[in-house]
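Visitor: For the protein sequence lines, the chains are F and D, in the order given. Quick note: this note's numbering has the first sequence finishing at residue 309, numbered continuously throughout. Quick note: this note's numbering has the second sequence finishing at residue 548, numbered continuously throughout.
To be clear, the hints were calculated from the coordinates, so they are not data collected in a lab. You can trust all of the hints, since none of them are fake.
Partial pick of chain F residues on the chain D-facing surface, computed with a CB cut under 8 Å:
no., residue
1, L52
2, R73
3, A97
Ideal placement from N, C-alpha and C gives every residue a C-beta, glycine not left out.
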Amino acid sequence: MSIVVADHCSKWYGHVLGVSDVSWKLGGGIVGLLGPNGAGKSTLIKMMSGLLQPSRGSLTVYGQNPFHDPGVRRRIGYAPEHEATWDELSALELVTAMARLAGVPAGRADRAAKDALAQMGMTDAMHRRVRGFSKGMRQRTKLATAIAHDPDFLLLDEPLTGVDPRARVDIVERIKQLGAAGKTIVVSSHVLYEIEALTSDIVVIYRGQVLAEGNVYEIRTLIDRHPHRIRVECDQPHAVAAALAAEDHVARLSFERGAVVIETRDPDRCYDQVAGAVLAANVTVSALSSPDNNLSAVFEYLTGDGGRR
Amino acid sequence: MTEPSGKIEHVVPSTRSTVWTLAGITLTRLTRGKALWIGGLFAALPVIYATGVHSRRIAPAPDDLFKISLLLLALLPAMYVGASIGEEIEDRTSTYLWSRPISRGAVLAGKLCALVPIVIALIVGGWFAGILIWTGAAPSATSCVALAAGSIATSLVAAGIATIVPKHGMALTIGYLLVDLFIGALPFSLSALSITNQANVLANLGSSPREIATPLIAMAVIAGLWGAIGVGRIRRLEA
Chain F
1 MSIVVADHCS KWYGHVLGVS DVSWKLGGGI VGLLGPNGAG KSTLIKMMSG LLQPSRGSLT
61 VYGQNPFHDP GVRRRIGYAP EHEATWDELS ALELVTAMAR LAGVPAGRAD RAAKDALAQM
121 GMTDAMHRRV RGFSKGMRQR TKLATAIAHD PDFLLLDEPL TGVDPRARVD IVERIKQLGA
181 AGKTIVVSSH VLYEIEALTS DIVVIYRGQV LAEGNVYEIR TLIDRHPHRI RVECDQPHAV
241 AAALAAEDHV ARLSFERGAV VIETRDPDRC YDQVAGAVLA ANVTVSALSS PDNNLSAVFE
301 YLTGDGGRR
Chain D
310 MTEPSGKIEH VVPSTRSTVW TLAGITLTRL TRGKALWIGG LFAALPVIYA TGVHSRRIAP
370 APDDLFKISL LLLALLPAMY VGASIGEEIE DRTSTYLWSR PISRGAVLAG KLCALVPIVI
430 ALIVGGWFAG ILIWTGAAPS ATSCVALAAG SIATSLVAAG IATIVPKHGM ALTIGYLLVD
490 LFIGALPFSL SALSITNQAN VLANLGSSPR EIATPLIAMA VIAGLWGAIG VGRIRRLEA
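If we strip away everything but chain F, and leave its shape as in the complex, we get (with noise of 0.2 Å):
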């Protein structure tokens, strides 16, 4: 049985498009929703937990509408992208009073805080208030609101930003765990790599709508059939350039102010022969970058539009 079912689902702010014509089922394990900044991941999120309705289309979670139907609500952990919480409370307050809410009974809801926020390393700061929380202790006292109640669908929205290394370690470990139990979890990023240490299935969703489904190794096979740019900045482009420029890899060559841009089928051919050009040149490169690091840039490659649409 599908977990979420979008059926055309589609959502609009005024005139802005949120989602568009979504048709998706998800079935249950880690799922990685991935997309760029403003491609919808928040907004299919959001109406996966009862917060937005459909403009148009249907979507359900166990079958039930989340907007109207708090019955399905209860089997929901949701963990917002926005900071934003009541400050003037301390962690176990505000986890105690998010247990409560989601149906754990008083007697119960203060062991399920501090067991949840155990879970999320902040033991040591959860009688302290979320006013001076640092944006990790934030990031990670939300997860413990969102699993505290115990849920068996659980919604993360970016839940890796602003985590400093060992806690994002912690974070992705405790989410994994919380896979291997049998919950169906769904984490957004706008990090390839993020949600490759979470997961291998994705959902890369982008301009509202879903673009491809599937292993996250499918979804790089895809990508890497694309041509690959490499950008040198450098103080003689010009003769990096000339190096290159016969070579049968390269698909074009451009310059930009002090930097050449080399779109290549073949990146670690490319990148040692930029190497030894350099060398041969006695060039001084200042940088060396990949624009298709940004996400964007892959899916307007997978898009085929060039991001003009």
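We have chain F; now place chain D onto it with these hints.
Guide: Relative to the frame of chain F, chain D by itself:
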């Protein structure tokens, strides 16, 4: 990291439990912020005025002190109820609430249960203390009932306005209630639509139930209308 202790049974929380929890959160947040103390200073205005009159042996018209309390009716519900509901929606902390299995009407009720008694205590308390200092005797029961009923009614107005325009909930409520004060001062029947006028009428009546029923019903109708707007609006709100 530790493992969670046991499976938690999923239940939809009762309305009473939701209202109680939200009232507790609202009170805790209020007592840890500045608003309570700022409101307390405003509520002390009748006391300050009465103390000044008393010390200088001036005998102003008896209505002066009540007018200050009516002005507080325009200010304190906006400060507490309007700001609390408006900020919840505007700051998006409401996303935590809307994603829980609770009734949205209960969210509004929880906030009102926490804040309305404070508004009543501040306004009626300020009036009571002011009159006590000025005259040495307690004010009439009807004047206290009038201010208490006015506090409830204006709080519901503030709740309704804050759900419609959360960003400017407090400012618009103050604006609306200042207009209400102006309408209440008009010499024709339009003044019946004014909560502050009804409170003023009620304060000057005797204590027979028949006399006080009319202004109380008028206030209940206006408050009920705004309350219904608030509940209707909050049920449709998206985050």
